[in-house]
Amino acid sequence: MSVVSTPSTERASRSGSHVSSAIQQGVVALFGALILYAVGFLPMSAAHNAAHDTRHTFVFPCH
Amino acid sequence: MFRSLILGACLVGLILGLAMTAFEALGTSPIILAAEQYETAEPVAHHHDHADHDHGESTGHHHGDNAWAPADGAERLFYTTVSNICAGIGFAAILLVLMNQLRERGRMTPKVQQGLLLGALGYLAVFIAPSIGLPPEIPGASAAALELRQTWWIVTVMLAAAGLGLLFLAAGWKRLLGVPLLIAPQLFVPAHDGPMFANPDPEAVLALTELHHRFIWASGLANLGFWLLAGVLCALVLKRLADKGRLGHVNAAD
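Same order as they appear, the protein sequences are chains G and P.
Number 35 in my numbering belongs to position 35 of the first sequence; there are no gaps in the numbering.
Number 1112 in my numbering belongs to position 112 of the second sequence; there are no gaps in the numbering.
Next comes chain G alone, as it looks inside the complex (with noise of 0.2 Å):
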């Protein structure tokens, strides 16, 4: 019984790390994303200020 149960668990415990791992690769891209949203399209007049030569640069649609 436990010959079989065995790999099984390994084979469920590695396809967690393998689901987690996946999970924190997206929320670092999200972070990534969430950080360009604020840079370059945040409508606020002061985000757009402060950040106005960047869009230019990056090509951020500005104005």
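These are calculated hints, taken from the structure and not from any lab test.
Be aware that a few hints might be false.
Derived Cβ-Cβ restraints for the label pairs, each shown as a range [as the list claims (entries may be wrong)]: (1) G:30 x P:1200: 43 to 53 Å; (2) G:19 x P:1071: 28 to 38 Å; (3) G:22 x P:1068: 39 to 49 Å.
Quick look at which bits of chain P chain G covers, simulated, 3 or more residues with Cβ under 8 Å [what the hints assert, rightly or not]: (4) 1089 to 1096; (5) 1163 to 1177.
Here are some chain P residues pointing at chain G (derived, C-beta under 10 Å) [what the hints assert, rightly or not]: (6) 1077; (7) 1082; (8) 1146.
In this text, a Cβ means the ideal position worked out from N, Cα and C, and glycines have one as well.
For this one, chain G is given, so just place chain P on it according to the hints.
Using the frame of chain G, we list chain P on its own:
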């Protein structure tokens, strides 16, 4: 892993942001400042898209009557540098995750050469693809509604990234599916009708046209430098994290 990737992105972003600030000082910033000299005569009609309280009465460059803006000089340079670093961190975070996904699937070994390739692809997707439809713009240029262009920009960049991914990673005929993804957004560019610049003075238009051409080259080179550096730095960080076992053992197990 999460912590390692975030810290890696911050490190790479810091270097990228400082490098971009240097590229800007050499190339784009003087052009932006020169173009702003012609901007005071700008009619205010198209300012509507910036702030709810802006009813188009401002004539200066910075939008909104009471909106805060950094003073020219050191303060403006400081905010631009911070913005560049943030943009660098954002792009680095996404690039690191993409590279790690490729690495986990055995489609990439994090080395300088492959980093350069990924950086070049990032340049094509994030700079070249949107610039074909909406060329780099200097202050004072007229354009279609901002929200429309922002939406188009995001869609174009994502489709271009997916298209390039298919071209490089798919097998056989499926590669060709990448081509329509690259072309389609260019058929729906939110183009602007009418004069190119808001300033109607012919002399100003002549000067702005010349500045605009210079800006296309300057921003093109600055972004090329940014993306090649981003690709190399992300590959090096990923290699180091993988060597230290900070990225989990997914690829070893599979």
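Hint check results:
The hinted window of 43 to 53 Å between residue 30 (chain G) and residue 1200 (chain P) holds, with their beta carbons roughly 45 Å apart. With their beta carbons about 50 Å apart, residue 19 (chain G) and residue 1071 (chain P) fall outside the hinted range of 28 to 38 Å. Here the CB-CB span from residue 22 (chain G) to residue 1068 (chain P) is close to 41 Å, well matched to the stated 39 to 49 Å. For the segment 1089 to 1096 of chain P, the proposed coverage by chain G is satisfied: 7 residues have a C-beta within less than 8 Å of a C-beta in that chain, meeting the threshold of three.
Using a Cβ-Cβ cut-off of 8 Å, 0 residues of the segment 1163 to 1177 of chain P lie near chain G, which falls short of the minimum of three, so the contact claim is violated. Checking residue 1077 (chain P) against chain G by beta carbon gives a least distance of about 9 Å; that is within 10 Å, so the hint holds. Given hint, residue 1082 (chain P) at the interface with chain G, holds; its Cβ is 8 Å from that chain's nearest Cβ, closer than 10 Å. Here the hint on residue 1146 (chain P) is kept, as its CB sits about 6 Å from the closest CB of chain G, short of 10 Å.
In this structure, the hints that do not hold are numbers 2 and 5, in rising order.
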